[in-house]
Every structure is written in structure tokens, then in C-alpha cells.
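Which chain is which? The protein sequence lines are R and P, in order.
This note's numbering numbers the first residue of the first sequence as 1 and each following residue consecutively.
This note's numbering numbers the first residue of the second sequence as 1001 and each following residue consecutively.
Please keep in mind that the hints were generated in silico from the structure rather than gathered at the bench.
Only a predicted model underlies this, so the values are computations on that prediction, with no experimental measurement involved.
One or more of the hints may lead you astray.
Computed list of lysine to any residue pairs in SDA-like fashion (alpha-carbon distance at most 25 Å, straight line) [what the hints assert, rightly or not]:
{"#": "1", "chain 1": "P", "residue 1": "Lys1292", "chain 2": "R", "residue 2": "Arg25"}
{"#": "2", "chain 1": "P", "residue 1": "Lys1359", "chain 2": "R", "residue 2": "Asp18"}
{"#": "3", "chain 1": "P", "residue 1": "Lys1292", "chain 2": "R", "residue 2": "Gly26"}
{"#": "4", "chain 1": "P", "residue 1": "Lys1359", "chain 2": "R", "residue 2": "Gly26"}
Some chain P residues well away from chain R (every beta-carbon gap over 12 Å; in silico) [claimed, not checked]:
{"#": "5", "residue": "Asn1032"}
{"#": "6", "residue": "Gly1250"}
{"#": "7", "residue": "Glu1305"}
Note that beta-carbon positions come from the ideal geometry of N, C-alpha and C, so glycine has one too.
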Amino acid sequence: MSGRPRVLFVDDEPRILDGLRRSLRGRRAEWDMEFATSGALALELLARTPFDVVVSDMRMPGMDGAELLAETSRAHPHAARVVLSGHIEPEAIVEVAMAGHRFLIKPSDAESVTAVIEQLLVHTSASHARAARRLAGAVQSVPVLPGHAEHVAGLRAPDTGLETAVRAATGDIGLAAKLLQLSTSRFFGGRPRNSSVESIVHAMGAPMVQAVAAAGERLAPAGWHPGAGPLLEAAWRHAMATARLVERVASPANRPHAQAAALLQDIGRLVCLAGTDATPATVDLAAGTRDGVPFRDVAVELLHLWGVPAPVVAAVAHRDTPHRPEPAGLGVAGALRTAHLLVEQARSGPAAGDHEQELALLLDHPQLRAQATDWRRAAGEALRQAEPPACAAHSCTVPAGRWETKG
Amino acid sequence: MTDVSAILEAVEATVPAGVALLDDRLRPVRHNAAYAALTGSFPELPAPLLDALETVVRTGEPVAGLRVANGSGQRGTWRADCRPVPGGVCLVLTDVTDLVTAEAFRTALMEDTAEGLYTVDSEGRLTSVNRAACEMLGRSAQDLLGRPAHELTHRPAGGGTHPPGGAPPGPAAMVDEVLVRADGSTFQVVCSVVPLQAGAGSPGTLVTFRDVTEARQADIEAHHDQKLESLGRLSAGLAHEINTPIQFVGDNTRFLADAYRDMWQLLVVYRECMAHELGELAWDERTARARKAEEVADVEYLVAEIPVAVQQTLEGVERVASLVRAMKSFTYKDTAEQSYADLNEAIRTTLTVARNEVKYVADVHLDLAELPEVMCHRGDLNQVFLNLLVNAADALEGRAERGEIRISSRLAGDTVVIRFADNGSGIPAHLQQSIFDPFFTTKGVGKGSGQGLALARAVLDRHGGSIAVESVPGEGTTFTLRLPVNGRREP
């Protein structure tokens, strides 16, 4: 494939394509652009040559945009998927939410379209750019953890209230991630006050959250990696405890982002251990890689594709990197790193001496010393409160997908 | 004539009642034929009657007018009269089943029914009135009986009258009237007025009526709801129809700005080439510079594209403008009076505002004949056209191939005939009668409230026109509207 990124635009209205072709003409030296007037034509072009980004209208005769993008995610997972639509039918909105990465409303000026395409042309993983994109790109929804279905089950009642929805979304990592993605677009509800799960649920309304959760359940994976049970359980508990603790560690302004980052920190593990029917995957549990790509690289690529706010993506990316705090404040990444280390220690005991020095430095930060809190005790408390639901503790009998296991 | 027993025997044989003589243990001693006929199918007298007979024997007191069910589960009522006689009891049984039924019927009509009912004599004076009528009129029966009905229940100069000389014979039609309560307030009713031949007396009239004030109010609200429902559905489509041109007008304008900049830069180079400061510079060199600049600017492309971009921009602006015009025309607010309107124009307008509802599922063919202007409520007819168009599109939704909707208009004498035909799934024969019923819908929840066709029929009725459906399952459906050119003839 040539060096130039390739972008495919799909719209049944030729005038729209003409307009895009002309207004994006300034990019002709950087991108190869193709234009298709139907979903079928777009799939033909995709089959012929790979594209990096597909920008599609939603309502089209024959194959509509949601179908096209869903098919793209199956057959061409490396292609980032952008919705550019004037209106989405209420009946189709959830399909769109699952199939798309980014969502632009018509009219969108050329600058916004260009900006989104340029972001999507960036690959976050330095060493595994294409493989990480392929793994993350195939994801339409992050699956509900085995044994944790009752968090979202509460959403099935027809008259679910906002409180139930908030509780469900903070207890389910995948739902929280999807809501964070959708909150960046006005297709799915009002503008949330901040990126906390609570504000997002309030802005979207319970029915939309219910619909999204139901669609996520429909996309549940065929199975999980055979050794996944304990790892997934640990990831869930760690996420819940860290999210609880980081509420107090982060500065008030950073709390929403830090909470989101804590929930999503191990999303790569969920995504990589969930089976897909299409391709047998190679997972190395010890190294934490799938097809040689570290889980974390897949997580960061996914959050980037989904347009999750940059501070959240950065915090997830750097969770395992030693943090040297700025005197001005811990920031989102520093808060997550601190909470992560505290919970990790509370779980495995003080023997994890590796990070003791770093943790001491972090706890010595003025932002934390200002609170009269015994942070290690608070971490133990948070971990105890993050008890898994009764059924999950025992049900590590997880349906297995097609796997080749190494090591 | 002194043979009493002969007389008694004659009486016994003649009276239309069962007569029996029972001994003191209530065993029959003798009875007439009528008694045998009455009790024949019942092996035992009913228990309450036996109780009464025993009491008569014991106390020697007669019992009169006792009503008992005839027992054994067969419907019927007897009247029993028991009188003690030496050594037993005489029982007279009469079948009063018809009487009891008539009484129950009368009670239901006069006391229990929610419909108002009254009768008047040939002078129009009230001869009977039921409870519901009293309640609706806010008057007591004593207040009403014997007084002239018309004066009491109508506004002094009001419309609707009881026809003088009683109602015409035969089954009555329901008519609308406005009645007045005792306090002077009014309410809308539908009533039927029928002649009542009460025996030998002069002809009277029976009037029944029902208060429809709330129902009429609900109709108006349903009409309004249906308009809001279709507007809600339209608004999303309209947003799409407007946002599409806005998107490409914006893109083209942005291109024109870039193109202007490129052209300007080219012009700057040309000016430089022409500047005499270049002095000795050879002509070849100047043309080479100009050609290079033209290449950078991609002049051929710009020259070809700029006019097209301008044309498409104007086209987009016109699309939005015509849509806004159509929306304004579509939401035309009817006054109480009808006015003459171009129905072909109304059809085109409706098609414009509903384009987004239709364009993904069907091609629309218009076949509009030249029509005179028609006396109508234009806004209401727009709504009818919209409902039919959306129904047709819904009938075609989800099919493998694009459907077809044909809309035609014709003039037949002084009637305009408009047809909406689709080649969709059709309506099963057993549902064709129900489709005009309010709240009848086969669409999913949230897709339609089932008022569209009911509303269409109501609107056509108001115009003195009609709406009819022909449908062949699997082949399609045609709705035919007929409208008198000069509006509804006043009755």
C-alpha cells in the first residue's frame, strides 16, 4: 500500500460528495480520497483496496450506513468509521452507536471533518500501529463481564430511572466506555456537564442508556479466553476500587476524567480476552498480549478511535508508567497512577516494594497531604467495598471461544 | 242459573290462570287445564311457593300477589294467590313472565340507561322522561312533565326543532342538536326522534339523545394530536432535507473561497509577469512563470469546477427556500370559512414536505389533470394528503425493491377525484372496513396512533366528499377521494 492515507466518503446524495470533494481538495496532496454513492459500492471499493477512514451517511436506499459500517467493522476492522449524517432515525440510532467510531452531524464544516479524519489517521501504538488498530477497530461494544450481567440487567425494566442507569453504568466497564464515546456526539442526547458517568447518563436519559446496554448485550462475544476468568474478575474489582479511591485522590476538576480513566484502565484486557468468531486469536496471558500486541496498546487505540477525552486516554496509556508529579497538581494521570498503586498494594500486601518509593513520593504531594486521610487504609476500604457480586465470585466457568494459547 | 258448581266449573275452565285445590298436606285434589299446562313441565312446585302454601294452611291467612320464579331453571315468573279453604288451600297461578320483562325493560330505560329519553304528546307536552334526561337537563321529572318540551330544552331562537305534527314515520336518523339546561348552559347532543303511537291517543313522539360535548371535544383534540404527531415525524425528515443542502452549500462555498484565493495568487503572478520592473526578462521566461503558476493553481480544474460549484450552491439554496415555502403552505392555518384552493398545488406541497419520508422507499409519479379551484379547508386537506402519502410509504417500507406511489387528480363533472395508489403489501379484506376506525393501526408502537385515516374520513365528510379504499393483498392499495368543487351543499 502506498504511503498516502486513504479516505472513503459514502453518501447517496451526489451533491454532498461533490461538495466534500471540492471543500477537501486542499488535502488532495496528503490523502487519497474516494467517493461512493451507495453502501454496496463502498464495500466493493473496500474489498479492492484498504482504506484508513470511512465517512458515511446513515440513511441511504438499499444498504444503510449502519449496515455498511457494521460490515466494515467485520471485514475491514483497520478502517476507522465516521458517521456524517443529518438525522438518525430513532429506530436506527443504537445500531449506529455500535457501528461507528465518531459521529458528525450535518452540516459539519470542512474543518471539523478534516480534524476528525486527521485524528483517526494517528495510530497510538508506536510499535504495533496496524495490529492495534485492527484489534481495536473490530470492537463495536465492550462486552459485559461474565457473572456481572446483573449490573445491566437492572436496565431491562421498562421504567428504569436515572439512578438505576447511573448505577448500572458505573458497575459495567463496557457500558461506561460506550457512554463516554457517545457523549461526544449530540445524536445521542444533550451535552453532559462533565465526563463523569453520572452526568453522561443524566444528559442522555435512561431510555437511551437502556437501548445502548441492550444493543451491547446483543453483541456479546461468542466466548472468552479459557484462562480469562480470574483475570477479568481481578480487572473488574481493581477498576471499581480504583474508581472509588480516585474520587478522593483527584482534584475536584479532574474527578470526572479520573473516574472514567479508573473504570476504563483495563479495558484492553476485556477486549482482547473476548472471543471473536471470525479470527482465532493468539493470546499470551503472562505477557498480556493478543497477537503480540499488549492489551494496553489495544485499550488506548480503542479509546482514541472512540474519541474519548484525551486526558482519559493519556491516563490509561500511562497507568503503568512511573509518575513524577508536577508540583502544581497530580493531574488525571497522576491521580490514576496513585490510586492504582494504592489499590494494588492493598490487595497484594506491602511486599510489592517495587513502587514503594514512587508511591511515597506521590503520597507526599501537597494535593494529598492537604487531606487528613490515611491513604493506604482508604485503599483497603475501597477494595473491600468493591466486592464482586455473589454469582461472579464462583462462576469462573466461562464459555470458551476459539483460541490458540501460548505459554 | 243456580247450579253453582256448573258455574264454578265454567269459570275454572275459562280463566286464563291455573287454578288448583290442594289438601292440607298440599297434595293436589283437583286442578284445571291451565294449571296442568303451567306446571306440567315442573314436577315440583318451587320451594318459596310451598313455604307460602304451608303458611296459609297453618295460619289460615291468605297470601296474594306472590311472585316466584317457576323453578327448574327455566326462565319465567308466576304470580301466586293462595286462599285457605276447608281442608286445604286454593292456589291460583298466573304466568307474569312478559310483564316482569317489560317492567325490567322500562326500569332500565327510565332509571338506569345513560341515554336521555322522553316522550311528548301531539301538542309537544312531555308525557314521560327518564332519569338520565332529567340529569342532563338539570330538571326534575315533576318540573318537566306536562310542559312543552321544545321551550324547555331549546334556546329561544335556537336551531333544531321537533318537527311539527310529530316525527315522520319509519326509522329515524341521528341528528345533531344543542339542548339547554335549567341553568341556561348548553350541551351538544345527537338525538333520534321517532313517532310513538300510544294506543288510541293522538300521535306522540319519542326522543332519545346522548350528550356528545366531551366526545366532540375529544375529536378536536385527537385532530390536533394527529397533526402534532405527523409534524413530529415530519420535522426530523425536514431537518434532514434542510441539512443536506446546507452541508453541500457550505462545502461548495468553502471551495469557492479556496478557489478565489488560488485564482488571486495566480493573478498576482500574472501581474508580476506583466510588471515592467522585470525589464529585460524574456517573454519565454514570463510565460513559463505564468504557466507554472497556472499548474500550481490547477486552473483547468478551477475553470471547470467553479461554475458547477456556484450552480450547485444556488441549487442548494433554492432547495431550502422551496422547502421553507412548502412548509409554510403546508401548515396553512384554515379559517372557519372554506376558500377556493388549487388541490394540485396542495399535493405537490405535501410531497415536498414529506419527501424524506418517501424517497428511500418509493418513486412517486404525479399524474395531475387540470383542475378548477376547489372550495375547501386547505390545511385539513394537506393533512389528509400527508396521511395517505405516509401510509403508502409505510406500506412499501422494508420491501426488497423500491415501490411506486401514483397520485392522480381528475375532474368528473363537478367532483374532483384524487387517487393515492401504492403497489405495497395491500390490506387484507377483513381489515378493510376497520381502517377508517379511530385508533385502528397495524403499525408498531410509536409509529402511528391510528388516527390518520379516521381523520381523513372526518375531513372528507365535512367537505361533503368521500374517501374509499380498494386493496388487493400483495398488489397494492388505492385510496380514492371525491370532493365537490363548490364545497358542501348546505342542507
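Does the structure keep Lys1292 of chain P and Arg25 of chain R at a Cα separation of 25 Å or less? Holds, because 19 Å separates the two Cα atoms, which is no more than 25 Å.
Since Gly1250 of chain P was said not to touch the interface, does its Cβ keep a gap of more than 12 Å from each Cβ of chain R? Given that some Cβ of chain R is not farther than 12 Å from that of Gly1250 of chain P, nearest at about 5 Å, it is violated.
Does the alpha-carbon distance linking Lys1359 of chain P and Gly26 of chain R stay inside the 25 Å limit? violated (33 Å)
Against the 25 Å threshold, does the CA-CA distance of Lys1359 of chain P and Asp18 of chain R hold or violate the hint? The given pair, whose Cα atoms are some 20 Å apart, holds under the 25 Å limit.
Would you say Asn1032 of chain P is clear of chain R, with no C-beta pair closer than or equal to 12 Å? holds (72 Å)
Can you confirm whether the C-alpha distance between Lys1292 of chain P and Gly26 of chain R stays at or below 25 Å? holds (18 Å)
Non-interface claim for Glu1305 of chain P versus chain R (Cβ beyond 12 Å): Incorrect as stated: the minimum Cβ-Cβ distance to chain R is 6 Å, not above 12 Å.
When the structure is compared with the earlier hints, violations turn up for hints 4, 6, 7 and for no others.
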